[in-house]
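Protein chains in written order, with the UniProt record's numbering: chain Y, 1 to 423; chain H, 1 to 423.
For the record, the hints were derived by calculation from the structure and aren't laboratory data.
Given the structure is predicted, the values throughout are model-derived calculations rather than measurements.
Check each hint, because a few of them may be wrong.
Copies of the same chain are indistinguishable here, so a pair counts whether it falls within one copy or spans any two.
Restricting the straight-line Cα-Cα distance to at most 35 Å, the calculated cross-link-like pairs of lysine-lysine (DSBU-like) are [claimed, not checked]:
{"no.": "1", "residue 1": "K27", "residue 2": "K59"}
{"no.": "2", "residue 1": "K238", "residue 2": "K92"}
{"no.": "3", "residue 1": "K14", "residue 2": "K238"}
{"no.": "4", "residue 1": "K283", "residue 2": "K168"}
{"no.": "5", "residue 1": "K238", "residue 2": "K27"}
There are 2 protein chains.
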Amino acid sequence: MESALKEKLYGQMKLAKEASRQLARFKQEAKDAALCEAGRQLLQNQTAILAANEQDLIKAQQDGQPAAYLERLRLTPERLQDLVDSLHQLAKQTDPVGEIMERWTRPNGLVIEQIRVPLGVVGIVYEARPNVTVDAAAIALKTGNAIVLRGSRSALSSNLALTECIRKALVQSGLPEEAVQYLPYPDHEAVDLLCTANGLIDVIIPRGGASLIQRVLQKSTVAVLETGVGNCHVYIDKTADYDMAEAIILNAKSSRPAVCNAAETLLVHRSWPQDLQNRLLAKLLSAGIELRACEKTRLLHPALANRLAAASSADWDTEYLSLTLAVATVDSLDDAIGHIESHGTGHSEAIVASDNDRAELFLSRVDAAAVYHNASTRFTDGGEFGFGAEIGISTQKLHARGPMGLTALTTSKYVVRGSGQIR
Amino acid sequence: MESALKEKLYGQMKLAKEASRQLARFKQEAKDAALCEAGRQLLQNQTAILAANEQDLIKAQQDGQPAAYLERLRLTPERLQDLVDSLHQLAKQTDPVGEIMERWTRPNGLVIEQIRVPLGVVGIVYEARPNVTVDAAAIALKTGNAIVLRGSRSALSSNLALTECIRKALVQSGLPEEAVQYLPYPDHEAVDLLCTANGLIDVIIPRGGASLIQRVLQKSTVAVLETGVGNCHVYIDKTADYDMAEAIILNAKSSRPAVCNAAETLLVHRSWPQDLQNRLLAKLLSAGIELRACEKTRLLHPALANRLAAASSADWDTEYLSLTLAVATVDSLDDAIGHIESHGTGHSEAIVASDNDRAELFLSRVDAAAVYHNASTRFTDGGEFGFGAEIGISTQKLHARGPMGLTALTTSKYVVRGSGQIR
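Bound conformation, chain Y alone:
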């Protein structure tokens, strides 16, 4: 059973590998034309795509999936149009492949160039959102990579319909259609096989919740581009301006609570004026945010005590992704940094402070992909940073850290030209 599955998967991955070698040689114009053609195919096949999606939705409903799940799974004419728009946006961006990153001549006459090349074959494991199928395939194609897609079983019909459109676009544009492979196997073994296909898959990107990411990290012998988990903190220093503090924590917590750059814990310096602390907590509560506070905080604000739930130790490590916020009172800047060292996930961490020296200490000592002084953690985002397409937000330290643009899907090679040099 497993070996039959393995044979099928390896067959698809080998086709992808072979196609990646061809794809690496196409120029930007050809790849961009294919992206635009993929947009045309999506619109042309809209009826079929929506019908396939309807099948998935009916099945998910029968399986008793909650409304939020169905919402993620749902495609609409508007959502398809958004996908088409993003394909056109991507086609307009500069192709990083082929860039000469460095070039120098050695005393022996060797000319060394470091040039940017595609990674090869990207594997992606994702959950119910069918739009990831198009986004991920498009970014891979733009950067000259083949892609092997493995979405969730619940979106199978939708994903197959979308993949079909992209492959048609490749054929129409003279690019190798085998560069986009969809693995239609629901078993976990399919993911495990993908994650251990060293030599065929160059990088695995898990897109989804923490448990999906952990599973891929545990299983994978292929390099993983880790994205996503953000237990982000906003620290209000004793020197913080009130209005700035209020605006930043409200924005960081509630502008879009379900994303990874949203704040999950508020740290307040004990010596920040009591009345400001009280006003801020009351404001957060009145904004509909559930607060889970440490014992110190509850003691400092007896008037609010019945509205401040007692935080358990698990709260400091929880990524709520909802309108819940943990609150801790800290005795010093050092304590704030120590709390973040113990509980942060290295995503985005902010200090609100009027004292620049204290802010600089925070910025230099906190080890995270992005650290902020007097700004919301919500800015950790490819678009907000001014990058074009975003592949995700890396919370790992190797290869790419923070918002990842197109270059995260490339590597380099050294091209050395000589005239008979030996060593």
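Starting from the known structure of chain Y, fit chain H onto it as the hints suggest.
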């Protein structure tokens, strides 16, 4: 048993993690002073180090280790002096930490800087050479990283003596001595625990043979910097100049056969003049190189047939690391590229050709860390590329590819300064 070991290891790794946070804040001058002090300590404690090494050598001899093994294990006053010299060399190099890689201002006024920071804690697993203890610790310190060392059991006394010197130097220089940890546990479990200590170890570097590297890759959930295995090819095109071809393959194969950038397979275009082919093969044989040839090659050179061993299919995938060379005749440039695609390890690949168009095709299509036109594969080396210290040669595609300088032990972080911006 295992949990007692785990407790000890995690204790050491936590000390390293804590020390890494302090170390990240030291300036280049302090780190360079510590490197020079480590050199002084090595010389001052030479007698104790050599005595410890003598113990290791006696034990290895009793265990029946071969002469080459003992040679790698052996320390001498000259070898210690070499280590001291390399510490001084390293101290002279520019510290990459703190470099502002990019800086820009967004329309909303946010100022974003991407700055270079240490990775944190580097784990290194290595074999009998005790000099790696000093080299690896020094490179880690230079880049502001703490290091957890796990050398082979056979070099334990030597490694502990060397580690002691480095830790003394840290104390003398006011740096945290816990930044250098040696794990004195011979069991494989110690390596497994190191490789799965996510959150405490930021990257694992295996230094040694293919089986060590594979073992670490299989076991590790921590990111791995993969170095080393090189099944490198030299392809002699039909347009190759004879003298250049001879010089390059002789150099690539025999100047230092045991290293990863040495050539293991010679590919010869069928249409390269027969007399040149014959002369080249005879020359290689007379240089003491054992040739293992494909059937085609043996048929083309009947006069040499009794000196050309028949290659088995395993030969194309063997990294001999000795004076043995596989030889295959190919019918075309495409076939040569196809052979390298099937059997290469993505390390270093060379073409010898007078025709530039053919050479450029090879350079662009072959997917390896370094590709060469009319030069020896032996140049894939940090020193030869003009880098300073070399951490190893990466054959992976993520993070670093090819010879790795100091920057391979760093990552970046985004520092964002605002004035109350929200999204």
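Results for each hint:
1. K27 x K59: neither (42 Å within a copy, 61 Å between copies)
2. K238 x K92: neither (46 Å within a copy, 42 Å between copies)
3. K14 x K238: between (59 Å within a copy, 30 Å between copies)
4. K283 x K168: neither (54 Å within a copy, 54 Å between copies)
5. K238 x K27: between (55 Å within a copy, 29 Å between copies)
In terms of the numbered hints stated before, the structure departs from hints 1, 2, 4, listed from lowest to highest.
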